[in-house]
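Novice: Each chain, letter by letter, is given below.
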Amino acid sequence: MKPPKFALYRPKSLDQVVEVIHSMGGAAALLAGGQSLIPMLNFRIASPEVLVDLAGIPELDIIEIRDGSLFIGAMTRQRVAEQDPLVVRYAPLFVDALRWVGHATTRTRGTIGGSISLADPSAELPLALLVMDGCVHAMGKNGQRVIDADKFFTGSYSTSLKQDEIVIGISVPIVENLEGFSVEEFSRRRGDFATAGVASLIQLNSDKKRVLRIGLCGVAGRPLRLFSAEKVFAENSGPIEKQIQFASEVAIDDIDTAMFLESEDERYMQRLIRELTSRSLHRAFGVGTRSSGDY
Amino acid sequence: MITDYQVHSADDLVPISLVVNGIRREGSCSVRKLLIDFLREDLGLTGTHAGCEHGICGACTILIDGKASRSCITFAFQVSGLSLTTIEGLSNDGQMHQLQKAFMDKHALQCGFCTPGMLMTAFDLLNENPTPNECQVREALGSVICRCTGYQNIVEAVLSVSQQPNDLPELKSKT
Numbered sequence: 139m140k141p142p143k144f145a146l147y148r149p150k151s152l153d154q155v156v157e158v159i160h161s162m163g164g165a166a167a168l169l170a171g172g173q174s175l176i177p178m179l180n181f182r183i184a185s186p187e188v189l190v191d192l193a194g195i196p197e198l199d200i201i202e203i204r205d206g207s208l209f210i211g212a213m214t215r216q217r218v219a220e221q222d223p224l225v226v227r228y229a230p231l232f233v234d235a236l237r238w239v240g241h242a243t244t245r246t247r248g249t250i251g252g253s254i255s256l257a258d259p260s261a262e263l264p265l266a267l268l269v270m271d272g273c274v275h276a277m278g279k280n281g282q283r284v285i286d287a288d289k290f291f292t293g294s295y296s297t298s299l300k301q302d303e304i305v306i307g308i309s310v311p312i313v314e315n316l317e318g319f320s321v322e323e324f325s326r327r328r329g330d331f332a333t334a335g336v337a338s339l340i341q342l343n344s345d346k347k348r349v350l351r352i353g354l355c356g357v358a359g360r361p362l363r364l365f366s367a368e369k370v371f372a373e374n375s376g377p378i379e380k381q382i383q384f385a386s387e388v389a390i391d392d393i394d395t396a397m398f399l400e401s402e403d404e405r406y407m408q409r410l411i412r413e414l415t416s417r418s419l420h421r422a423f424g425v426g427t428r429s430s431g432d433y
Numbered sequence: 002m003i004t005d006y007q008v009h010s011a012d013d014l015v016p017i018s019l020v021v022n023g024i025r026r027e028g029s030c031s032v033r034k035l036l037i038d039f040l041r042e043d044l045g046l047t048g049t050h051a052g053c054e055h056g057i058c059g060a061c062t063i064l065i066d067g068k069a070s071r072s073c074i075t076f077a078f079q080v081s082g083l084s085l086t087t088i089e090g091l092s093n094d095g096q097m098h099q100l101q102k103a104f105m106d107k108h109a110l111q112c113g114f115c116t117p118g119m120l121m122t123a124f125d126l127l128n129e130n131p132t133p134n135e136c137q138v139r140e141a142l143g144s145v146i147c148r149c150t151g152y153q154n155i156v157e158a159v160l161s162v163s164q165q166p167n168d169l170p171e172l173k174s175k176t
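Sequence lines, in order, name chains A and B. With this note's numbering applied, the first sequence has no gaps in its numbers, which climb one by one up to 433 at the end. With this note's numbering applied, the second sequence has no gaps in its numbers, which climb one by one up to 176 at the end.
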């Protein structure tokens, strides 16, 4: 349970990081918070020749407004992000997502960029990024580029990053007229990886109509938008309770049952998704206060 | 190739200089030495326990710059220059911290293996939120595995301290 031998590189700038990744290729692993990497090293299921320590790169540890978007640098500690006034004000869905990420103790060291680039299929931050219509900022030998969340997460632990690219941060558009938000998750034990999770975001558009964006994680290897549920609110009006019920029923229309793992019971997962959608919508619309997180 | 940055080979020893429980400590170790092992072996601070060595059990929990962290999934080199608090630093000049006294009064330990992790986690919780409700206490303590007690007495011990938020003694911080 001790890590294997590795050489340690401690670059001082992004250019140096890119240079190392480019020349070392798959032999180098990036050390961000280490909360996912170091367990793998301790189990010896990963044996990189080189670890590249990202802790000394100032451009990665920043939270600021840039061109109408909130930018969060990749090395921002999760625990810092969930209490940062800019994040609380402009991206409260992240704050609600972060309470489900590991435990407060692992969020002390774990980073935003680490979680995003690991792309665990049941991870909450990728889900929140997708629902917030956010993007991932990447940098490689050919410079920087911005990748929509929808294009970034391609499958279980799989992203569209090129070999020589690293995640340098994420950004989300500043949401005006935010009406409600919530992330609800179910796991067999509190703190475990999610069996499934649902994130909802409600905004008022220019016609003062409520617009819903809702997504699901834990199924299909990557976060998914639940478009059928979103349509319910776009096309119907009437009592909120009825709309929520209807949206929860049709949420599973977007899920191909082939996406469930063989070990999962189809009807169980469908029922779970319906229940999580219902809870998330109730909380987001402010018509229910019980969260999956309450004992 | 730009190489004006530190490169340590696998067999190098890196210098470590940090403050632990208010006292400056120096040492050196392999790049791959885990913080839990540096604390226990190099600094002789065996109060912090190694349970699972993959960040799940919480017995290794210490404070890094005042915030609870898992020392088993942190390398020693990562905390050089920082300030750590271990279970040995919870008591002050031989006086038990209020949390330790509460654990004793409420019988919140049996084998004691998880106890340092429980105490440091509880300390972190009360720093962030001096008056947590039971739900919040259970949320925090749920991050540390206890196989003996069933958690009930640990929860009661922490809640008993949270009733008196203004009484938390400061940790010593001389450098």
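Don't read these hints as lab results, they were simulated from the structure. Since we're looking at a predicted model, the values are computed, not measured. Keep in mind that the hints are not guaranteed to be accurate.
Stated by the list, open to error - Which stretches of chain B does chain A cover? Using the computed rule of at least three CB atoms under 8 Å from a CB of chain A, they are:
id: 1; region: 31-40
id: 2; region: 67-77
id: 3; region: 135-144
For glycine and all other residues, C-beta sits at the position ideal for the given N, C-alpha and C.
Novice: Against each hint, give a clear statement of whether it holds in the structure.
Specialist: Against the structure, the hints come out as follows:
Only residues whose C-beta sits within less than 8 Å of a C-beta in chain A count toward coverage, and the region 31-40 of chain B has 4 of them, enough to reach three; the restraint holds. For a cut-off of 8 Å, the count of residues in the region 67-77 of chain B with a CB near a CB of chain A stands at 8, and the three-residue condition holds. Under a criterion of three residues with beta carbons nearer than 8 Å to beta carbons of chain A, the stated coverage of the region 135-144 of chain B is upheld, 7 such residues being counted.
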